[in-house]
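Protein chains in written order, with the numbering used here: chain A, 1 to 493; chain B, 1 to 493; chain C, 1 to 493.
Check before you lean on any hint, since a few could be wrong.
A pair counts as met if it fits within one copy or between any two copies, since identical chains are not told apart.
Computed list of lysine to aspartate or glutamate pairs in EDC-like fashion (alpha-carbon distance at most 20 Å, straight line) [stated by the list, open to error]:
1) Lys402 with Glu159
2) Lys188 with Asp387
3) Lys76 with Asp387
4) Lys425 with Asp483
5) Lys141 with Glu159
6) Lys413 with Asp160
7) Lys490 with Glu480
8) Lys162 with Asp420
9) Lys166 with Glu101
10) Lys287 with Glu33
11) Lys413 with Glu354
12) Lys166 with Asp387
13) Lys490 with Asp160
14) Lys425 with Glu486
Since the hints were derived computationally from the structure, they do not count as laboratory data.
In this text, all values refer to a predicted model and were calculated from it rather than measured experimentally.
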Amino acid sequence: MTTRRVVATLIALMWPCCALAAGISSATSDCLECHRSTTPGAVADWERSRHAQVTLKEAMARPSRERRVSLSQTPKGLADVVIGCAECHNQNPRKHQDTFEHEGYKVHVVVTPKDCATCHPTEVKQYIQNLMSHAHGNLNKNPVYHDLMEFTNGVATYEDMKISYKKPDAQTSAESCNYCHGTKVEVKGTKARDTEFGEMAFPILGGWPNQGVGRINPDESMGSCTACHTRHQFSIQMARKPYTCAECHQGPDVPAYKVYMVSKHGNIFSSLGGQWNVEAVPWTVGKDFTAPTCAACHASLIVTEDGNVVAERTHRMNDRLPWRLFGLIYAHPHSKSPDTTIIKNKAGLALPTELTGEPMATYLIDAQEQGKRRKTMEKVCLACHHDGWVAGQWSRFENTIKTTNESTVAATKLIMAAWDTGVAKGLAEDDSIFNEAIEKKWVEHWLFFANSTRFSSAMAGADYGVFANGRWYMNKNIQEMADWLEFKRKKTK
Amino acid sequence: MTTRRVVATLIALMWPCCALAAGISSATSDCLECHRSTTPGAVADWERSRHAQVTLKEAMARPSRERRVSLSQTPKGLADVVIGCAECHNQNPRKHQDTFEHEGYKVHVVVTPKDCATCHPTEVKQYIQNLMSHAHGNLNKNPVYHDLMEFTNGVATYEDMKISYKKPDAQTSAESCNYCHGTKVEVKGTKARDTEFGEMAFPILGGWPNQGVGRINPDESMGSCTACHTRHQFSIQMARKPYTCAECHQGPDVPAYKVYMVSKHGNIFSSLGGQWNVEAVPWTVGKDFTAPTCAACHASLIVTEDGNVVAERTHRMNDRLPWRLFGLIYAHPHSKSPDTTIIKNKAGLALPTELTGEPMATYLIDAQEQGKRRKTMEKVCLACHHDGWVAGQWSRFENTIKTTNESTVAATKLIMAAWDTGVAKGLAEDDSIFNEAIEKKWVEHWLFFANSTRFSSAMAGADYGVFANGRWYMNKNIQEMADWLEFKRKKTK
Amino acid sequence: MTTRRVVATLIALMWPCCALAAGISSATSDCLECHRSTTPGAVADWERSRHAQVTLKEAMARPSRERRVSLSQTPKGLADVVIGCAECHNQNPRKHQDTFEHEGYKVHVVVTPKDCATCHPTEVKQYIQNLMSHAHGNLNKNPVYHDLMEFTNGVATYEDMKISYKKPDAQTSAESCNYCHGTKVEVKGTKARDTEFGEMAFPILGGWPNQGVGRINPDESMGSCTACHTRHQFSIQMARKPYTCAECHQGPDVPAYKVYMVSKHGNIFSSLGGQWNVEAVPWTVGKDFTAPTCAACHASLIVTEDGNVVAERTHRMNDRLPWRLFGLIYAHPHSKSPDTTIIKNKAGLALPTELTGEPMATYLIDAQEQGKRRKTMEKVCLACHHDGWVAGQWSRFENTIKTTNESTVAATKLIMAAWDTGVAKGLAEDDSIFNEAIEKKWVEHWLFFANSTRFSSAMAGADYGVFANGRWYMNKNIQEMADWLEFKRKKTK
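From just these sequences and the hints, can you work out the full model?
Take a look at the structure:
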């Protein structure tokens, strides 16, 4: 790399017109000329990337299992260049609402899955089927969840002995829920600005910055590949290391990373991962790595030293997951569609189960599909563990889905008792189910404690199922909800 | 290593009968033939291990301080082979209830301390005196603690305005408390299964999988060496790095890892540990490592560059600990026996103190033994710190034991007031002391907050003694317990 | 280095009088003679340090941007020696109350900023203007904060159905709040002690050990450079890595480290930081590191590959910070003076705002100074990000300052209602505002939840502004405070 870069830079400096020869397109070369000094960190980061070092032709010449691109034919003009600034930011200019004239080029700010699909079409196609790509709408356009967002992000005020909630502003939502779920990025106008190269005009973007997994882009695509494949190095090792997942999967509502890090797998990663080859494609179990990371179980192409495929690469993250564990009131089979706003339960709520737990089967994958997904995951487990180990693990996990759902039923009965006895206002009064103290306890029951317990079970992070937001808190919560009910009822009488 | 492995593999492939010559026993060679493809991850991991590279004779030939085995004489047949699959999984076949016929060998699934003792007898002998090896019984067979387990793991249900608790099922306990404390692994029968090599029969194990430190094994031994010496690489660096301890010592009930990681010691480990030699035996302070990990203070053989011994290796983890800090209601001198179920207080509870804090001296080490253990630990401190520093640290720590116990006395008086005034049911009513809201607050007082404060004091992780589950929460808890009492009493009247 | 050390040691052994020739002063050589065996860890650590390898003359000969010392002239006698034990511990003997006679030398235990200023005067001068150097007094001498300390660290007892608080003892405060804020280190006397070299006398120090950032030293200076520049390796990479900041900035009251670690920046550090050059001075963005650590944004000298300065080095940590986010009831412009005990609000409290949020402008930096500091920070952001990205980030952040302050107003109205209605005792009754349950909830509102939300906003750690101690908890807290008020008022009637 360094050599190529040095040569390219030297050639570019001496004969700018020849830059192409060394793999950097003349358009990218033009970008670099200024941006090397205006955004030096971004340029230096890109220079370390595979994008800066390998031409598309070279990338496509690799044996199929080792290939990091999935297109079948080289797009015109891209074969002999490395993937630089212009190859992404000037891609598909007419589709981009955020395209602007910039030093003779049509540039856009926000690189989107549609742009990435130029070289990675298979991954983008899978990703569109991924719940993540729909994360913006699944949260913001589901009335139940939208309501939860409002009473979480809106400021509660206190006047005349009464609490009321303001509507959350867009900036708050952008940096809280939608930081991960994705904002809607829109062009709001244009602004001229003095730069060291004279006055220039740039688009003003709403919902910006954002790299959320379900971002709605100015070309109408959904998602942001850089959520996991971090700019501008796009190193596969970042997507494979658990720290990337931790950005969105660490809080009490989804403690996957915390659980992983105290699991035996996480321990091996932390202790010995420095000696692994986290760059290799395909990824050989035992040789390249000795314990799974998040990606190994959920996404990566895994092979054995003999070249057998343990698991195919997928960017539809629930391909190996029969159960949806988190985010919703009860764990349940995954929904068929990545767009969960289409779901309605019998009570008319946009939820995959009744409030009392019964799943809405028509919208959810069936037992056969669940079995298939479980088998796909088990193949990963079995690369290191024997059959009895894996069977024992699954049996406990599915038992825990059952017991945590059962505990949530108890919490739900308590909240319903609060509504029925009039000490809290619920659906019948057309009131939010997220704005009173006991309702917030109910939310924590499933969103924090039942989830934590299930993650702990799924990935063997023991205390997250006990004292670290686990079963201890579920039972304590039931007691405290009942006490609250008792005090309020006494008062009401 | 690589050379030996390559040669061994080549020889094994060409002349299977000669495998022994290169160090791999013919039995292990037979295992590898299939398991290289059925569990490739496990085999590849083992191939990186010292077990796969060094024969017992070579291991015993090292100077005594550098030796990683503790036997005095080579067991028959083991001297010239590396320690492969068969050397462990075929060891002591008649003692193992889980032994089964497998391709002409008597194999067992669960490798136990008794098996490890073949080469590491001293470590296993020490470990039997370790509280950890008794962790299963100390939790499950202590009526007080068994009760706490029940009301933590059992699902609380709510019917007719009343809460009741189900008994927790075995699968739940296995993945929660007993994940760390150890399950009882039992053979439940045999199951035939189709494999790629035809139908084979395997034992069905209850309580499996498990690697808990106090696991009850099918050969009746207690413990699991792989809890810390992770399969199948068994790298000493894993046991020495804090991530291994974090598997069980990170939750709010025992936040040792969290405290360590924000301490100056943990900071040095995180910042500079990548440059240390974490494999060396013995472990030379200053040369091999520049700040202690958990193992350095509590277990490892530490020497100086001059070859002086700072601390002898121990697998009885409280050899350097005068005080038992966590798990119980009050901090107290360590118990004499690692089996704490034999303890009874005057009130008849299986606790080392009265509910009001007085220690049951007959069961506990005396001041002289405490002094000896403190001195042993101080030698480790003094390898880097001057006398005044170390004395100041100990003085504060023992003061904090006193003040946190004092705070627990206040919480206990509150719970007793609840029992006395009839707003909660306690021992007098033969009711559990862990099933009501105020009782759960009382448990958090000592199990979370007092413990966190003590760990913070012991290892200098400041905020874990203040706002991160420390003193702040103890005082808040006292206020809230008193409020609960007031509200309930009002209601009762 | 190794070579120099080996040579120095050999020379020292053969011709002790010549030790100086190899860079080690004869005084340090005398120290090493015994301390190599009495505190081997400390000596070995120092031997890895730049202090042990580079003479002051060599350090001063570096080009100005690469220099790690800031003095303009070599102090007498120090030019040709490396910086060993004696150069620090024998520095300024007459200023040090803790100086004692030791083997013919005047040695002091506690090395202070005044000692460090011998070679690093600019850094020490900046640090005196840093809030951190005043951390002891700002906490202990502010009556409001002193009161918070008392009711946090003092043991709450329960007698005759009543709670009362003991005064916290000095040892408790030293290991809790003052662990980070700094103790007052005082000489309490002298104690003779048997050592392997015969009886020796050492000073007895109160408030020792301590490395808090605002430590009051026996030479009357304030601060401890080793809080961040850890003894005895003093590696700049430790000060630059986030683990050092985590020692004091990780708890719920100041979760900066937690937020950073789940941010994209923290993720890049965790995933790729192992490949960075964390030792280089100056620190080149993109080349040496590809994402900022705490130090990069707040303290380090950052340059571009072209040699342009992105940010000057500073040890006044708020040079790039317009807003004070944490520790106080409301976020507000930074105070002009690092000594915040001089501030009084109109109500007479030592606070930079009224209880109801209005800032005390006379004590605080004005909009112009805020703008200047913001620009200084923005230059760091702009090294990688474009203008629109940075503007969007700041706009959200300042919006969040507004909304979190607004939420704290609501919590404050609730606490005032409690005081007004007589269900809690406050300022009017001359009672502490930190000792009742509802007051503790009020404290958590701003100290935990509003702070967490602001940090999350500042550094893009999404869930710390939502479910991980963020907005979710602010709104829940408002509900629970109102419920508490309602229950208490009912009781009072």
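Status of the hints after comparison with the structure:
1. Lys402 with Glu159: between (44 Å within a copy, 18 Å between copies)
2. Lys188 with Asp387: between (57 Å within a copy, 15 Å between copies)
3. Lys76 with Asp387: neither (50 Å within a copy, 33 Å between copies)
4. Lys425 with Asp483: both (18 Å within a copy, 15 Å between copies)
5. Lys141 with Glu159: neither (31 Å within a copy, 35 Å between copies)
6. Lys413 with Asp160: For Lys413 and Asp160, the Cα distance is within 20 Å only across copies (10 Å; inside one copy 32 Å).
7. Lys490 with Glu480: Answer is both: 15 Å inside a copy and 17 Å across each meet the 20 Å cutoff.
8. Lys162 with Asp420: Intra 22 Å, inter 16 Å, cutoff 20 Å: inter-copy only.
9. Lys166 with Glu101: neither (40 Å within a copy, 68 Å between copies)
10. Lys287 with Glu33: Classified as between: cross-chain Cα gap 17 Å, same-chain 42 Å, threshold 20 Å.
11. Lys413 with Glu354: within (13 Å within a copy, 39 Å between copies)
12. Lys166 with Asp387: neither (55 Å within a copy, 31 Å between copies)
13. Lys490 with Asp160: Only across copies: Lys490 and Asp160 sit 17 Å apart there, 23 Å inside one copy, limit 20 Å.
14. Lys425 with Glu486: Intra 16 Å, inter 17 Å, cutoff 20 Å: intra and inter.
This entry does not satisfy hints 3, 5, 9 and 12, going by the numbered hints stated previously.
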